[in-house]
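Taken in sequence, the protein lines are chains A and B.
Sequence positions in the first sequence follow my numbering and run 1 to 199.
Sequence positions in the second sequence follow my numbering and run 200 to 336.
Worth double-checking, as some hints may not be accurate.
Said to hold, decoys possible - When the alpha-carbon atoms are kept at most 30 Å apart in a straight line, the in silico DSSO-like pairs for lysine-lysine are as follows: (1) A:K167 - B:K267; (2) B:K292 - A:K190; (3) A:K173 - B:K292.
As the list claims (entries may be wrong) - What follows is a set of in silico ranges between Cβ atoms, one per label pair, in the way DEER data are often shown: (4) A:N174 - B:S246: 49 to 57 Å; (5) A:N174 - B:D278: 30 to 38 Å; (6) A:T111 - B:D277: 45 to 53 Å; (7) A:T129 - B:S298: 35 to 43 Å; (8) A:K101 - B:R250: 36 to 44 Å.
To be verified - Which residues of chain B face chain A? A partial, calculated answer using Cβ under 10 Å: (9) L248; (10) A253; (11) G293; (12) S299; (13) Q304; (14) G310; (15) T313; (16) S315; (17) G318; (18) K326.
Hint data in this document are derived by calculation from the structure and do not stem from the laboratory.
Just so we're clear, the structure is a prediction, and the values are computed from it rather than from any experiment.
Where a beta carbon is used, it is the ideal one built from N, C-alpha and C, also for glycine.
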Amino acid sequence: MKRLILVAPVCALVASLSACGAQVVRYGDAQAVSTVSTDFGSSDLQQIAQSMVDSMLTFPPIVEETSRRRPVVAIDRVKNKTMQHIDTESITDSIRARLLKSGKFRFIDRTTDSQAIDEVRYQQESGLTQAGGAVKFGRQLAPEYMVTANFSEIEQRNSDTKDVYYKFTMSLKNLSTGILEWSDEKEIRKTATRSFFGQ
Amino acid sequence: MKRFAALALSLLCIGCAPTAGTEAGTISMTGLNGEKTYSSYVNANNSRLARRIAVVRLDRADSGGLLKAAVTIQSRSDDTEALQYKWTWFDSKGFEVNSSSQPWQPVLVYGMQTTSIQGLAPNPSAKDFKLHLRFQE
Chain A
1 MKRLILVAPV CALVASLSAC GAQVVRYGDA QAVSTVSTDF GSSDLQQIAQ SMVDSMLTFP
61 PIVEETSRRR PVVAIDRVKN KTMQHIDTES ITDSIRARLL KSGKFRFIDR TTDSQAIDEV
121 RYQQESGLTQ AGGAVKFGRQ LAPEYMVTAN FSEIEQRNSD TKDVYYKFTM SLKNLSTGIL
181 EWSDEKEIRK TATRSFFGQ
Chain B
200 MKRFAALALS LLCIGCAPTA GTEAGTISMT GLNGEKTYSS YVNANNSRLA RRIAVVRLDR
260 ADSGGLLKAA VTIQSRSDDT EALQYKWTWF DSKGFEVNSS SQPWQPVLVY GMQTTSIQGL
320 APNPSAKDFK LHLRFQE
């Protein structure tokens, strides 16, 4: 009986501790500022995309150029010069989506060209498409501008502090003249400090 | 020992306390004619924030058909305030434009500093705006 009296509270304690350790899943705000670590995160991506698009769309020569027509633009891969593995295509995807939604530019997407070629070839050769209705090769618009970007970081640390400086540089190049029509930088500094409680 | 335990617990509570509250607050502008409320354009989620930050200027302009807004805020505190802001854009009928792609962005406001927060509407349908401010979580 004595043993039972001793074992019961221990079982209750174990049960309560295991309940404390249970995983809780909930939805969060995808637009919230994330400060989990100094690594490149969702907030950095959103800040860069917002800043670059706002800067490009308010630059006076670009405002003038896009007031009459919607130029066709190609977007190049970001040169990732950081030490981190970053999905840079995600950054350019966000920038392209925001620029497209502004209604000021049109984009070509080279990443889906092979699928497009397969589809056009299928339309022409399968015999399923209406006569004369198949899309023809050689009618795509050539981009007039190209968006290029570099992403770099400088990291410094000591025993208590880690400081990471990110710099994202983006340019808009006129493909026929070779001139950079616009360029801007977005700088981000993230600092992690070891707190008194080791968090 | 008991006293030490109590002190440690109170320090832990301070460390865990959320900095951003949910108490509603309106932000105001100090002008020659007295206080003017700007709650229709600027929303602060916290009355402490509304006391520490004042809106000193509101500007809006057209940039190639896109609405451009600038809100100049001034710190009324000696401390550096780590804030976050977010723009909400509305069309001519009051519907929110592109609500899912407006991120919260961090901004540091140093003691007594005046700083301008600028935003550009995501597309030409946006005709009005609101700036949300909160303390960094």
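Status of the hints after comparison with the structure:
no., hint, verdict
1, A:K167 - B:K267, "25 Å, holds"
2, B:K292 - A:K190, "40 Å, violated"
3, A:K173 - B:K292, "38 Å, violated"
4, A:N174 - B:S246: 49 to 57 Å, "51 Å, holds"
5, A:N174 - B:D278: 30 to 38 Å, "47 Å, violated"
6, A:T111 - B:D277: 45 to 53 Å, "52 Å, holds"
7, A:T129 - B:S298: 35 to 43 Å, "40 Å, holds"
8, A:K101 - B:R250: 36 to 44 Å, "37 Å, holds"
9, L248, "15 Å, violated"
10, A253, "23 Å, violated"
11, G293, "20 Å, violated"
12, S299, "8 Å, holds"
13, Q304, "6 Å, holds"
14, G310, "19 Å, violated"
15, T313, "21 Å, violated"
16, S315, "13 Å, violated"
17, G318, "7 Å, holds"
18, K326, "15 Å, violated"
Hint compliance for this structure: hints 2, 3, 5, 9, 10, 11, 14, 15, 16 and 18 are not met, and every other hint is.
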